[in-house]
Structure formats: structure tokens, C-alpha cells
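Protein chains in written order, with this note's numbering: chain A, 104 to 284; chain B, 96 to 287.
Hints in this document: simulated from the structure, not taken from any laboratory.
Positions of the beta carbon are idealized from the N, C-alpha and C atoms, including for glycine.
There's no promise every hint is true.
[Claimed, not checked] Every beta carbon over 12 angstroms from chain A, so not counted as near; a handful from chain B, in silico:
{"#": "1", "residue": "H113"}
{"#": "2", "residue": "L121"}
{"#": "3", "residue": "A168"}
{"#": "4", "residue": "G173"}
{"#": "5", "residue": "A193"}
{"#": "6", "residue": "E213"}
{"#": "7", "residue": "L218"}
{"#": "8", "residue": "S223"}
{"#": "9", "residue": "R238"}
{"#": "10", "residue": "P281"}
[Said to hold, decoys possible] Over 10 angstroms on every C-beta distance to chain B, these chain A residues come out as not near it, computed from the model:
{"#": "11", "residue": "M123"}
{"#": "12", "residue": "E150"}
{"#": "13", "residue": "V232"}
[As the list claims (entries may be wrong)] One side of the interface only, derived from the structure: several residues of chain A facing chain B at Cβ under 10 angstroms:
{"#": "14", "residue": "F105"}
{"#": "15", "residue": "M151"}
{"#": "16", "residue": "E182"}
{"#": "17", "residue": "P237"}
{"#": "18", "residue": "D248"}
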Amino acid sequence: MFRIEFNKLRFLICDDNPHMRRILRTLLHSFGAREVWESEDGATALEMYSHYVPDIVITDWSMPIFDGLELAQMIRQPESKGNPYAPIIMLTGHSEKRRVTVARDAGVTEFLAKPISAKGLYQRILNVVANPRPFIKTKTYFGPDRRRNTNNAYIGPERRLGGEVEVLQQPSLLDKARTPV
Amino acid sequence: MAKEKPGTLQIETFADHHVITQPNPLRKVLRRVAEKDLDDPIARAEAALAGMSGEFKNWMGIESERLAAAHAAILKDGFTSFNRGELFRAAHDIKGDAATFGFPSAGAAAESLCRIIEHAPDLDQVPSDLIAHHINAIQAIVRERTGPDTISKASELSRQLRAVADEYLAHANRDRPEHLEAILAPSIAPAD
Chain A
104 MFRIEFNKLR
114 FLICDDNPHM
124 RRILRTLLHS
134 FGAREVWESE
144 DGATALEMYS
154 HYVPDIVITD
164 WSMPIFDGLE
174 LAQMIRQPES
184 KGNPYAPIIM
194 LTGHSEKRRV
204 TVARDAGVTE
214 FLAKPISAKG
224 LYQRILNVVA
234 NPRPFIKTKT
244 YFGPDRRRNT
254 NNAYIGPERR
264 LGGEVEVLQQ
274 PSLLDKARTP
284 V
Chain B
96 MAKEKPGTLQ
106 IETFADHHVI
116 TQPNPLRKVL
126 RRVAEKDLDD
136 PIARAEAALA
146 GMSGEFKNWM
156 GIESERLAAA
166 HAAILKDGFT
176 SFNRGELFRA
186 AHDIKGDAAT
196 FGFPSAGAAA
206 ESLCRIIEHA
216 PDLDQVPSDL
226 IAHHINAIQA
236 IVRERTGPDT
246 ISKASELSRQ
256 LRAVADEYLA
266 HANRDRPEHL
276 EAILAPSIAP
286 AD
């Protein structure tokens with residue numbers, strides 16, 4: 104069993120709501136974190152990100168002017184001087200499929216829907232610490248690998264162009280059905 | 096941790112993408128512990144959250160006043176872009192926070208209001224009572240919460256508001272399939 108030594112981690116939290124910031128800070132301190140930086144908008148968070156170089160960013164989505172999605176997009180600039188690889192946990196009241204997809208495509212590492220719970224937050228942090236995903240860079244995307252399911256049971260077109268194989272050869276459903284388990 | 100030099104990147108190049116792997120810079124904060132290790136950070140955090148609960152009612156009062164102020168601005172000046180944003184963010188914050196603060200029904204009513212703001216084709220055409228009833232319900236739920244009876248009434252009130260709002264949205268978006276799909280789609284956010 105693994106535990107995180109939170110006292111060695113630096114967090115940046117970004118939420119325009121002071122009550123949620125206080126709850127987040129309380130949870131992180133209770134886990135053992137000592138260094139927790141707070142910002143109430145995306146622009147300030149970006150400045151703090153460059154200045155303090157946190158290990159993990161936890162951000163809300165909906166904020167005035169410069170929101171959490173834009174913050175994620177600004178952090179995920181492969182040519183930037185700062186660290187574009189830091190894990191970003193999006194903590195938000197948005198939980199519709201479309202929103203989750205948009206957040207994923209902005210380079211968000213983990214998505215945590217409010218209402219927040221200590222368990223949910225801990226598990227997301229454990230996941231980004233213990234199971235980091237490789238980064239993918241394409242013409243239109245830079246961020247953690249959006250494919251979490253790496254088993255070979257995927258059926259469908261291969262959208263990434265590889266070296267020799269562009270389309271995964273999939274057995275027909277009939278063949279699959281005939282294959283003994 | 097953060098000031099350590101980043102590890103060397105391994106980059107695999109393919110026809111239309113690169114796969115970039117870096118040694119896990121956070122690996123050093125993982126510590127193996129015995130299965131019977133008694134330290135439970137989650138329980139500690141839950142206890143800390145419970146210790147703050149005395150402030151939650153006051154916080155909900157502040158949030159619902161903010162919502163009412165945003166609504167008052169709309170009644171005065173209409174749905175300007177700024178006013179719409181303020182109302183949405185106030186409702187959205189309640190949607191996200193209310194259950195944590197012990198007011199899940201207020202959160203449900205706020206979610207219903209968020210859906211109206213997000214999916215109504217023209218907010219000026221939304222019956223003003225529909226929005227006002229959501230605001231009033233949220234304020235009443237926060238103000239009147241005292242016992243199991245009021246909790247069940249609050250739950251029923253939120254459920255009925257959601258039903259009316261969904262019926263309105265389904266009708267108003269009957270020619271907008273992308274919105275209908277979003278309205279009818281279940282949440283897919285991972286749970287705990």
C-alpha cells in the first residue's frame with residue numbers, strides 16, 4: 104500500500120469562490136500538505152504557476168474573465184519556459200459529457216465533479232502522483248494521453264497514424280463470438 | 096519537489112504525433128506503508144471538514160444572497176452578458192457547493208437553474224416566474240432548513256422545479272437537437 108508524503112508537494116488552487124478555496128485548503132492541509140497557493144482567477148493563477156512552480160494544479164472551471172479551461176490551455180504550451188507537464192485536476196460543478204470531453208481536450212489530467220469529497224480529491228491526487236500518463240503532442244493537442252484504456256479489446260478505427268499500421272485490424276464480431284473465453 | 100531538475104524526456108515520433116514520457120517527478124513522494132498502517136489521511140480530512148460545518152449555514156446564506164442580487168440586477172437591467180454570467184456563476188457555485196454544506200436540495204434547484212441559463216434559446220423569452228421560483232426556492236431551502244420534514248419538502252420542491260424546467264427546455268429546444276442531447280444526457284463525471 105502506498106501513501107503520499109503531502110508535505111513534499113506544492114499545490115496551486117484556483118477558484119473564484121472563497122468558501123471552496125477554504126475547503127480545498129483545509130482538505131489539503133489535513134492530508135499533510137504545507138505549501139498551498141491560492142488564486143481567485145485564472146490570470147493570477149497563471150502568474151503564480153510561473154512563479155511558484157507547483158507540483159499539482161487544482162482549478163475550478165467557471166470563473167470570470169479567465170477561466171479554468173483557459174488556464175489549462177495556457178499551462179499546456181509545449182514551447183513555454185515553464186513546466187507544461189504539471190498535473191491539472193479540474194474540480195467543477197460541470198459534469199456533462201460534453202464538458203468532460205472539452206476539459207480533456209484542453210489537457211486536463213483528472214476531472215473531479217463537485218460536490219467535493221475528501222476521498223474523491225485524495226484519489227485524484229494519488230492517481231496523478233502514482234500513475235502519470237505519457238504526454239501526446241499533435242498539431243492540435245498537447246497534454247496527457249487521452250487514452251486511459253490500453254487493453255487490446257478496443258474495436259474501431261485507429262485515429263493516430265503510426266509507422267506501418269494506420270488501422271487496427273480487428274476480428275469480426277462473429278470471430279470474437281466464436282473465440283472461447 | 097518542484098525545484099528539482101526535470102528528468103530527461105523520452106520522445107517517440109510517429110506519423111502524426113509524438114509520445115513524450117518523462118520520469119515521474121512526483122514518484123519520490125510515494126511511500127510504501129504496511130497494510131495495517133493506522134494513519135488515514137482521508138478520515139483526517141473528513142474530520143477537518145466536519146469541524147468546519149458550523150460555518151456552512153452562514154456560507155450558504157452568503158451564496159444565496161449573491162444569487163438573489165444577481166437576479167435583482169436582471170430584473171432591473173435585463174439579461175446583459177454580464178448579468179447572465181453573474182447569475183450563472185452564482186447558481187453554479189451553489190450547485191457545486193450546496194451538498195458539501197449540507198443543502199443538497201438547494202444544489203439540485205441551482206442545477207436546474209443552471210440548465211435553464213445554459214440551454215434556453217433566448218433567456219428573455221423564459222417565463223420570469225420559472226427563474227424567480229428557482230431563486231425563491233433556493234433561498235427558502237437555506238432559510239427554513241430545520242428538520243427531516245423540511246428536508247423532504249425541500250427535496251420534493253427541487254424535484255418539481257427540475258421537472259418543470261426540463262419540460263420547458265425540451266419544448267424550447269425541440270428544433271435544436273444538440274441542446275436536446277445535452278439536456279437529456281446523464282452526468283458521466285467519475286464518482287468517488
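Structure-based check of all given hints:
With a least beta-carbon separation of about 4 angstroms from chain A, H113 (chain B) fails to lie farther than 12 angstroms from that chain, contradicting its non-interface assignment. For L121 (chain B), the condition that its CB be more than 12 angstroms from all CB atoms of chain A is violated, with the nearest at approximately 5 angstroms. Look at A168 (chain B): its CB is around 14 angstroms from the nearest CB on chain A, clear of 12 angstroms, so calling it non-interface holds up. The Cβ of G173 (chain B) lies farther than 12 angstroms from every Cβ of chain A, with a closest approach of about 19 angstroms, so its non-interface assignment holds.
Under the 12 angstroms C-beta cut-off, the non-interface status given to A193 (chain B) relative to chain A is violated; the minimum distance is some 8 angstroms. For E213 (chain B), the non-interface assignment is contradicted: its Cβ lies about 9 angstroms from the closest Cβ of chain A, within the 12 angstroms cut-off. For L218 (chain B), the requirement that its beta carbon stay farther than 12 angstroms from each beta carbon of chain A is met, with the minimum near 17 angstroms. Under the 12 angstroms C-beta cut-off, the non-interface status given to S223 (chain B) relative to chain A holds; the minimum distance is some 24 angstroms.
For R238 (chain B), the condition that its CB be more than 12 angstroms from all CB atoms of chain A holds, with the nearest at approximately 18 angstroms. Interface exclusion of P281 (chain B) from chain A breaks down, the closest Cβ pair being 8 angstroms apart, not more than 12 angstroms. At roughly 6 angstroms from the closest C-beta of chain B, the C-beta of M123 (chain A) falls inside 10 angstroms, breaking its exclusion from the interface. The Cβ of E150 (chain A) lies farther than 10 angstroms from every Cβ of chain B, with a closest approach of about 16 angstroms, so its non-interface assignment holds.
Separation of V232 (chain A) from chain B is inadequate, the least Cβ-Cβ distance of about 5 angstroms not exceeding the 10 angstroms criterion. Proximity of F105 (chain A) to chain B holds as hinted, the smallest CB-CB distance being about 5 angstroms (cut-off 10 angstroms). Contact between M151 (chain A) and chain B, as hinted, is not supported at the beta carbon level, the nearest pair being about 12 angstroms apart and thus beyond 10 angstroms. With its C-beta approaching chain B no nearer than about 13 angstroms, E182 (chain A) sits outside the 10 angstroms limit, and its interface hint is violated.
Interface restraint check for P237 (chain A): the shortest CB-CB distance to chain B comes to about 4 angstroms, inside 10 angstroms, so the restraint holds. Residue-level restraint check for D248 (chain A) holds (minimum Cβ-Cβ distance to chain B is 7 angstroms; threshold 10 angstroms).
In this structure, the hints that do not hold are numbers 1, 2, 5, 6, 10, 11, 13, 15 and 16, in rising order.
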